[in-house]
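Protein sequence lines, in the order shown, are assigned to chains A and B. Residue numbering for the first sequence follows the working numbering, beginning at 80 and increasing consecutively. Residue numbering for the second sequence follows the working numbering, beginning at 5 and increasing consecutively.
Don't read these hints as lab results, they were simulated from the structure. Check each hint, because a few of them may be wrong.
[Stated by the list, open to error] What the simulated footprint calls covered on chain B by chain A, stretch by stretch (three residues with Cβ under 8 Å from a Cβ of chain A suffice, anywhere in the stretch; the number is not a length): (1) 48-61; (2) 84-96; (3) 102-108.
[Said to hold, decoys possible] Cross-link-like lysine to aspartate or glutamate pairs, in silico, EDC-like; alpha carbons within 20 Å at most: (4) A:K144 with B:D5; (5) B:K46 with A:E125; (6) B:K107 with A:E89; (7) A:K138 with B:D5; (8) B:K43 with B:D60; (9) B:K111 with B:D86; (10) B:K46 with B:E20; (11) B:K111 with B:D5; (12) B:K111 with B:E21; (13) B:K78 with B:E21; (14) B:K43 with A:E125; (15) B:K111 with B:E85; (16) B:K46 with A:E89; (17) A:K142 with A:E125; (18) A:K142 with B:D5.
[What the hints assert, rightly or not] Estimated spans, in silico, between C-beta atoms of each pair: (19) B:E20 with A:S86: 38 to 48 Å; (20) A:S96 with B:S57: 32 to 42 Å; (21) B:T24 with A:Q161: 19 to 29 Å; (22) B:K43 with A:G136: 25 to 35 Å; (23) B:K107 with A:S154: 41 to 51 Å; (24) A:S194 with B:S71: 42 to 52 Å.
Keep in mind that this is a model prediction, so the values were computed, not measured. Each residue gets a CB set at the ideal place from its N, CA and C atoms; glycine is no exception.
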Amino acid sequence: QVQLQQSGAELAKPGSSVKISCKASGYTFTSYAMHWIKQTTGQALEWTGYIAPGSGGTKYNEKFKGKATLTVDKSSSTAYMQLSSLTPVDTAVYYCASGSSFAYWGQGTLVTVSS
Amino acid sequence: DIQMTQSPASLSASLEEIVTITCQASQDIGNYLSWYQQKPGKSPQLLIHSATSLADGVPSRFSGSRSGTQYSLKINRLQVEDTGIYYCLQHYSAPYTFGAGTKLELK
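Can you make the complete structure from the sequences, with help from the hints?
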């Protein structure tokens, strides 16, 4: 079955960067775009962007340009999102999602930004 | 950006009751509308895609409909396991946008 396995929780200091991963299995990795979604404790969901694993092409939400960088490693069917220049506002759970109509979601990675 | 106005923000309903949640899109999004259910501490789960199509494994008491730019999720005969937060998502035009969510509780 399709699985998206995300990396563990991160505790980061303001100004630093984190890179979270999402390993896909159970389907052809290059068949679907990989999306990343931010969910704050207020429970709002924000789409940050997607990457097409086959071409490496990306589309970002303007709000996250310069904040998020999406990459993939096709050899390991893993997608990555790097978040840079972290501030407390970046504290959230980040999900990867793939499949038609975002059918498949990872379990989420909590990123906490605190000094 | 396309705005998705979801209502109500919260809802308390009884077992077996019929529940309806709506999302109003700020412009035409065709059928590029999905509905998700999220339980505490879990990731969202797809219920309805393409505005009206039931996702695999989802009980048939869930249904989706569209009238112009208004989209609705209907739950027939509410069950205990249907509590949670429901979100709509438009993936017609980037940036893709979610509704603010509807928290559904049992009365």
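Here's how the hints hold up against the structure:
1. Against chain A, the region 48-61 of chain B contributes 6 residues with a C-beta closer than 8 Å to a partner C-beta. That satisfies the three-residue criterion, and the hint holds.
2. Given a C-beta distance limit of less than 8 Å, the hint that chain A covers the region 84-96 of chain B holds, as 4 residues qualify and 3 suffice.
3. Evaluation of the coverage hint for the region 102-108 of chain B: fulfilled, as 3 residues show C-beta separations to chain A shorter than 8 Å, against a requirement of three.
4. Taken as a hint, the K144 of chain A and D5 of chain B pair is honoured in the structure, with Cα atoms around 15 Å apart against an allowance of 20 Å.
5. Proposed proximity of K46 of chain B and E125 of chain A is supported: the alpha carbons are some 16 Å apart, at most 20 Å.
6. Of the pairs offered as hints, the one joining K107 of chain B and E89 of chain A is violated, with about 28 Å between alpha carbons and a cut-off of 20 Å exceeded.
7. Simply put, K138 of chain A and D5 of chain B have alpha-carbon atoms about 14 Å apart, close enough for the 20 Å limit, and the pair holds.
8. Distance hint between K43 of chain B and D60 of chain B is fulfilled; the C-alpha atoms sit about 18 Å from each other, no more than 20 Å.
9. Distance hint between K111 of chain B and D86 of chain B is fulfilled; the C-alpha atoms sit about 12 Å from each other, no more than 20 Å.
10. Of the supplied pair hints, the one linking K46 of chain B and E20 of chain B is violated, its CA atoms being roughly 25 Å apart against a limit of 20 Å.
11. At most 20 Å may separate the alpha-carbon atoms for a hinted pair to count; K111 of chain B and D5 of chain B exceed this at roughly 36 Å.
12. In summary, the hint linking K111 of chain B to E21 of chain B is supported, as the alpha carbons are separated by about 10 Å, within the 20 Å threshold.
13. For the given pair, K78 of chain B sits about 11 Å from E21 of chain B by alpha-carbon distance, which is consistent with the 20 Å threshold.
14. Straight-line distance between C-alpha atoms of K43 of chain B and E125 of chain A comes to about 18 Å, which keeps the hinted pair within the 20 Å bound.
15. For the suggested pair K111 of chain B and E85 of chain B, the alpha carbons sit about 13 Å apart, so the restraint of at most 20 Å is met.
16. Restraint check: the Cα-Cα separation between K46 of chain B and E89 of chain A comes to about 18 Å, which is no more than 20 Å; the hinted pair holds.
17. At roughly 10 Å between alpha-carbon atoms, K142 of chain A and E125 of chain A fall within 20 Å of each other, so this suggested pair holds.
18. For the suggested pair K142 of chain A and D5 of chain B, the alpha carbons sit about 11 Å apart, so the restraint of at most 20 Å is met.
19. For the hinted restraint 38 to 48 Å between E20 of chain B and S86 of chain A, the CB-CB distance of approximately 42 Å keeps it satisfied.
20. Range check, S96 of chain A to S57 of chain B: about 40 Å between beta-carbon atoms, so the 32 to 42 Å window is met.
21. Look at T24 of chain B against Q161 of chain A: about 41 Å separates their beta carbons, and that is not inside 19 to 29 Å.
22. A hinted range of 25 to 35 Å holds for the C-beta pair K43 of chain B and G136 of chain A, which are about 33 Å apart.
23. The hint said 41 to 51 Å for the Cβ distance between K107 of chain B and S154 of chain A, and at roughly 42 Å that hint holds.
24. A beta carbon spacing of about 50 Å between S194 of chain A and S71 of chain B agrees with the range 42 to 52 Å that was offered as a hint.
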